[in-house]
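Sequences listed follow chains Y and F, in order. Count the first sequence with the numbering used here and you get residues 1 to 565, in order. Count the second sequence with the numbering used here and you get residues 1 to 181, in order.
These are computed hints drawn from the structure, not numbers from a lab. One or more hints might be untrue.
What the hints assert, rightly or not - Pairs of lysine to aspartate or glutamate residues, derived as DMTMM-like cross-links and limited to a Cα-Cα distance of at most 25 angstroms, are as follows:
#1 Lys64/F to Glu89/F
#2 Lys556/Y to Glu153/F
#3 Lys64/F to Glu175/Y
#4 Lys71/F to Asp177/F
#5 Lys18/F to Glu334/Y
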Amino acid sequence: MATNEQYRTCQTTGLRVYQSAENLIKANAVVAVVFLLVGGLFGIMVALTRWKAIHLLPADWFYLALTAHGINLLVVWIIFFEMAVLYFASSVLLGCRLATPKMAWAGFALMLIGAAITNVAVLMGNSSVMFTSYVPLKADPSFYAGVILFAVGALIGTFVFFGTLVIAKQEKTYEGSVPLVTFGATVAAIIAVFTIASGAIILIPTFLWSIGYVSHIDTLMYRTIWWAFGHSSQQINVAAHISIWYLISAVVLGAKPLSEKVSRGAFLLYVLFLQLASAHHLLVDPGISSEWKIFNTSYAIYLAVLGSMVHGMTVPGQIEAAQRKKGYTNGLFEWLRKCPWGNPAFSGMFISLILFGFLGGISGVVMGVEQINLIIHNTIYVPGHFHATVVAGTTLAFMAVTYLLIPLIFQKEIMFPGMAKLQPYVFGLGVAGISVFMMGAGTLGVPRRHWDISQADAVLPYDFPGAANLMMGLNGMSALLAGVGGAMFIAVAVGSIFFGKKIVDSAEAPTAVAADENAAVVAKHGDEEHPAIPGTIVLVVVFFTSFVLYYFVNWKYLAEVWPLR
Amino acid sequence: MSVTPPTNRIWWNERVPKSELIWVIVAFVWGLIMFFMMIYWHAYGEQNLSNEAYKITAEQFTEKTEAMVEKYQVREESGYPVVHPPPGEDVYMIARLWQWWPILELEKGQSYRLHLSSLDWMHGFSLQPININLQIHPDYEMVLTVTPTTTGEFGVVCNEYCGIGHHTMLGRIYVVDNEGK
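Pulled out of the complex, with its shape left as it was, chain Y reads as follows (with noise of 0.2 angstroms):
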């Protein structure tokens, strides 16, 4: 047995943190990063072709690119981060040794080659068949083989944190419930099972049919089950940001929630009706009756999206009630205003809570609408959104964790704390740019995942107005910004990692959790005693005002062009 693994006790947390885990944590984050990279230059070849000044790629490579910027971000980056968080929301929150860690290992070296296969097999330049590899468009068979190798292994490590929680649960590694970060990161561990075994059910068939075995794929299922595969796992992103968030807010501020009950209820019905969102993508599709659209678009009455209103507030609000009950009373907003700004984990996760909710999640309602849905389906509005969603919302948040997990985990100072400091201001402006412009794109009808928008070769060309191709333009320069912010990420992420100082454990005997004194006392108070959050209720209020208007602005929109029924 392992029982008696080494572990140390963090000096600044008192969290007791296990050899295994620690490995494992550090494993994943770094090749996490790696990813990150690759991802991102491809992203920014993406963007440098689509401003019609640069066009910088041929055709050929553009669609490459895009197949690789994709995958590596939209999957293999973040996936291998969550296997990070995972491990650590079990593990290193709980205090309790890694279940099997040989097995997470394993998993690890599966995601590893997975990636690696499909990376080679679209660099090949055979598969330039977009993230979603739509049939009857077929890519090379190692092309779906690393997807499926990936998402074994990525399934394997979420198998080890249910493990983790078994263990922690028997050994009596806490009391009570486990904590509210832990619980969300089980909600994102569970939608991941959900949804890599979708992945399987549509992916092991679609390999059979590029080797030959099947002969036919009908599109129609291919979509629907795909984004079971391809929605969820975005799914999988929001519950874990959101944990991060609260993690984040809990470590920095020691804020405590406001209430467990409300969080973890919003939790809880990610699980049950998150996963309806795959319908989002099936609004405009053939042989799909509206009822079914209704219901699952909506979450069937937008309680997922309640669940994220939720949080949208608890989150803030338990950030006041912590400041309020250090003395920053004044006003509305003193409270906010005294926040610690500099510090790229918190100013991180705050601009990751601002874009998701005001970007991300008001456009992603409004285009999950059935009706609304065709004027923005597959226009260039849909990669705004889910930038603003999985960029500025979950990217960010992991960045801003990294800067907590650097000391606590790697046991290393941050390096080039100026930059740091700076990175998600310049990461946050710059996706927020990327997202508004092609979303102002998409309203002028410019296409997502085309090559150039002029059409110069078509037999019947058509022109878009001026405006788009200042927007796409716009959206290049965002881009470069959000390339700098990215690339400041990784200079301070890879610096202080490889090279940089190391922090000394004392001998000091283990502190309790938030050993700092103010954090103590945030966080000692029952609930009872919360103090009133008049600030958040504001920044509620405006948030929910431009929602409500930018919700009916499309209606009024859908009521202008031709009826169709």
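Chain F: place on chain Y using the hints.
Structure of chain F alone, referenced to chain Y:
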């Protein structure tokens, strides 16, 4: 804290702060409004995608489209037949690598049953600058009734990636004013 087990072991009995409770109710009601808005639009709105669709083969769809072209072709442009079917008629448009075929000429204010299908891969029907977007599958025939309300020349862009010639896949629809006739 969110990183430690709840301080109160029986956390599910804790009182929910009023501000949170109100927000949960507001958000839930807003969800209901958005849900019923889609149903309302089916009853009173003018832009609803029909649920009519059929399984069809590429050969059958080509046959139907060619029959229409033969019957109603009025001229040719850049090698494409231009078809002007009478109002209320069934009109067909083929999506294939890398064409929308043929060119349609419709009359303003009249309704047409538009049939769309792909002969090979998936394509995206994107009518510009109106910005109506539909997913076009092979083996499925989508039928919708459309009423053009503006005249002019409209582009049909392909907005589902369909290989290296994707960006050259464009079609055209003309809408003419026929009230004077």
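For each hint, the structure was consulted:
| no. | hint | in the structure |
| --- | --- | --- |
| 1 | Lys64/F to Glu89/F | 13 angstroms, holds |
| 2 | Lys556/Y to Glu153/F | 24 angstroms, holds |
| 3 | Lys64/F to Glu175/Y | 71 angstroms, violated |
| 4 | Lys71/F to Asp177/F | 21 angstroms, holds |
| 5 | Lys18/F to Glu334/Y | 22 angstroms, holds |
Violated hints amount to a single one, hint 3; each of the other numbered hints is respected by the structure.
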